[in-house]
Amino acid sequence: MSTALTAAMIIGWTVVISVYGILVGLFLLGIDRKLAAHMQARIGPPLRQPFRDVRKLLIKESVIPANAIPWMFNLAPIMALASSLVILLYLPAGSVMPPLGSYGDLILVMYLLTVPALALVAGGFASGSPYATVGAQREMVTMIAYEFPLAIVVVAVAWRLGAAGLAEPFTLTTIASNPIWSVVGPLGILGILLLLFISAAITPAELSRIPFDTQEAETELAGGLLVEYSGRNLAMFYLSQGVKSLVMGALVVAIFFPWNISTFVAMPATVALPVDLLFFLAKVILVLFFSVTLVRVAMARFRISQVIPVYWTYLSVIGLVGLLLLMADTVIPLAGVGA
Amino acid sequence: MSGNEGKKAPYVVPIGPTHPALKEPVMFTFKMEGESIKDVDFAPGQTHRGIEWMGMRRNPVQIVHLTDRICGICGVHHTLAFARAVEQIAEIEVPPRADYIRTILAEFERIQSHLLWAGVAAHELGFDSLLHLTWRVREQSMDVIENLTGNRVNYGIVQVGGVRRDIVPDQHKIIEDCLSTYEGLLGKLLDLFLHDRSITLRCRDRGVLSRQQALELCTVGPTARASGVNADLRQDYPYCAYGDLDITAVLPDQHMGETRGDVYDRIVVRLIEVGQSCGIVRQCLDQMPSGPITGEEKLAKLLAICKKARGEAIGRVEAPRGECFHYVRMNGKESPEGWKVKASSYSNLMSWIPMLRGEQIADIPIIVASIDPCLSCTDRVAVVKDNSRQIMTKEELHRLSVEKTRRLSS
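Here the protein sequences line up with chains A and B, keeping their order. In terms of the working numbering, the first sequence is residues 1 to 339. In terms of the working numbering, the second sequence is residues 1 to 410.
Don't read these hints as lab results, they were simulated from the structure. Take these hints with a grain of salt, some might be off.
Lysine-lysine pairs mimicking DSS-like chemistry, simulated, CA-CA at most 27 Å apart [stated by the list, open to error]:
#1 K34/A <-> K188/B
#2 K301/B <-> K333/B
#3 K404/B <-> K60/A
Take these sequences, add in the hints, and give me the full structure.
See the structure below:
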């Protein structure tokens with residue numbers, strides 16, 4: 001393939017992925033709000049409410065506070081949205097393999113995941129408001145807190161795939177086409193369940209949702225990081241929140257639930273594509289329901305000083321136990337059934 | 001916001017006059033070091049409405065309805081405190097049945113106020129599901145109050161000399177239904193609030209007010225009782241029908257076995273008081289005597305009696321938030337010569353300072369809410385500037401507000 005053609009393809013994919021990411025992301029936010037409302041004995045907003053919100057924000061004035069650093073303040077939302085969209089280029093969706101799958105792997109995705117958070121931090125510090133500053137500090141602390149357990153999950157899964165003899169275990173194409181459950185024995189399954197639990201616990205922190213929403217904490221910081229944002233800038237953060245939800249859902253689905261319907265039921269390619277995509281979306285919605293919606297209606301917000309022990313002590317220990325179980329799985333002969 | 005000293009610790013975080021953590025306006029200034037509070041100061045007086053000024057130009061029958069509007073929650077208690085003060089000055093005898101009806105209404109008010117507070121507390125902790133569920137449960141008490149008084153808020157039920165509506169036998173069943181629902185739900189509510197791990201983590205040992213501090217700062221109501229101060233006007237200084245009833249103050253050690261004086265204990269006290277109020281209403285319904293519901297039915301005659309009255313008196317009642325205190329002085333004129341309201345929050349506000357010192361930013365909302373502050377009740381302050389007091393006329397205030405609006409929009 002010539003370089004020009006590759007470039008054109010990548011640009012094409014980027015446009016497609018952006019539209020898909022934004023639309024599905026907003027849709028996911030709508031589902032989350034509706035389900036949470038029903039669990040709280042409310043009716044809740046219609047599913048298209050996030051779209052209306054974005055439309056409203058786009059026609060509102062974007063106020064820049066007097067003591068903000070304007071270029072950084074305006075750049076942060078663009079960075080947040082762009083970087084969340086970029087991650088989607090590396091994640092499989094249904095039977096559609098990632099367009100940039102051959103250029104980056106799970107480690108890159110892990111790093112890219114920090115960029116929207118860093119953009120939020122930059123925007124928060126650039127706001128020049130004490131609430132946003134406190135929020136930005138909290139966001140950094142939270143990021144440092146959940147990074148370690150996230151790394152454990154990524155390394156454990158890839159290492160086990162590598163130990164099972166698969167080439168390039170870190171690439172998402174490999175991970176998605178070889179469900180981790182199929183290469184491990186009973187001990188390994190226990191280990192993977194623990195890792196799945198960790199991923200579910202990281203998701204709300206990554207998406208700044210209760211109980212880990214200390215950086216935005218409405219009642220404490222009045223919106224924290226986002227307190228000074230309005231109009232178009234806030235709309236972009238809102239869109240990036242939707243895209244990030246899709247990213248986290250897609251990541252968990254790619255690592256733990258990569259099955260497609262088309263691999264089990266024979267069907268023509270034209271049918272398989274939409275069916276797999278819909279199945280993928282259903283999986284993302286389920287993942288987000290259990291890790292975000294259900295958790296946020298069932299818990300109170302943590303203090304920032306409670307967030308760190310939760311991740312560094314409890315979840316890291318659970319993650320390490322999961323990792324050890326996966327290692328034991330390769331050592332103990334009766335376990336390596338699938339390999 | 002703190003300008004050139006922004007980088008140095010301690011930095012200043014202002015919270016207020018309006019902020020999502022505050023349900024009513026008050027201005028906090030926090031000196032922070034990282035996430036922990038070094039020092040705190042607050043300035044009330046942001047929502048002064050001049051109700052006493054209005055009252056001084058009206059007669060007691062009218063003022064009773066003005067007192068309803070001092071607070072959106074404790075309408076009955078403010079009217080009751082004012083009516084009791086006037087009744088003492090004018091020597092109006094309140095019939096026993098009216099006393100019982102007043103007690104029932106006051107206790108229903110306590111139930112709905114405590115449930116409202118519990119929901120707000122859950123919201124401050126970021127636990128919105130509990131807010132929605134608690135407020136849904138609260139609706140039944142609001143319905144009963146509406147059935148008894150005709151209104152959900154600003155009840156307009158208490159009048160000087162008695163009450164304006166009777167409780168008829170048909171209504172007993174509605175009240176009984178509500179009471180049994182709440183008694184059934186109480187165990188569940190206690191379980192949700194007291195045994196939920198995330199609530200315990202956030203509330204245990206936060207915002208501690210020792211018994212000594214509670215006494216020194218003259219705190220009242222659930223705030224004082226949660227710190228182990230055995231004070232409840234209904235027990236210490238019975239009014240209305242409380243003298244006939246069996247009441248002991250709710251203290252946290254009765255339920256938890258110890259008193260720590262933290263936010264958690266304040267939740268305990270308020271929730272147990274919901275159950276206690278149900279018991280009180282039930283006792284009142286059983287013992288309610290028959291007879292008239294007001295000492296003086298004709299308003300014109302009542303006004304004439306008030307007009308002749310001379311003297312001063314204090315009306316004290318145990319509102320949901322603590323002692324509510326009305327001082328009235330009549331001097332043979334249609335309107336009172338003096339009227340001073342001391343809402344329960346006024347006595348409790350100062351306890352914020354020891355509670356907040358040393359805590360984290362994250363604890364500010366729940367600690368501030370834990371005394372159930374009612375600032376619209378509290379704020380009745382004259383303007384003090386450069387150590388000189390002045391009373392501003394309506395024209396002056398209008399001129400100032402126009403100037404400020406111009407300044408803001410230019």
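Hints, one by one, checked against the model:
1. K34/A <-> K188/B: holds (26 Å)
2. K301/B <-> K333/B: Answer holds: K301/B to K333/B is near 15 Å, not above 27 Å.
3. K404/B <-> K60/A: holds (25 Å)
When the structure is compared with the earlier hints, no violation turns up for any of them.
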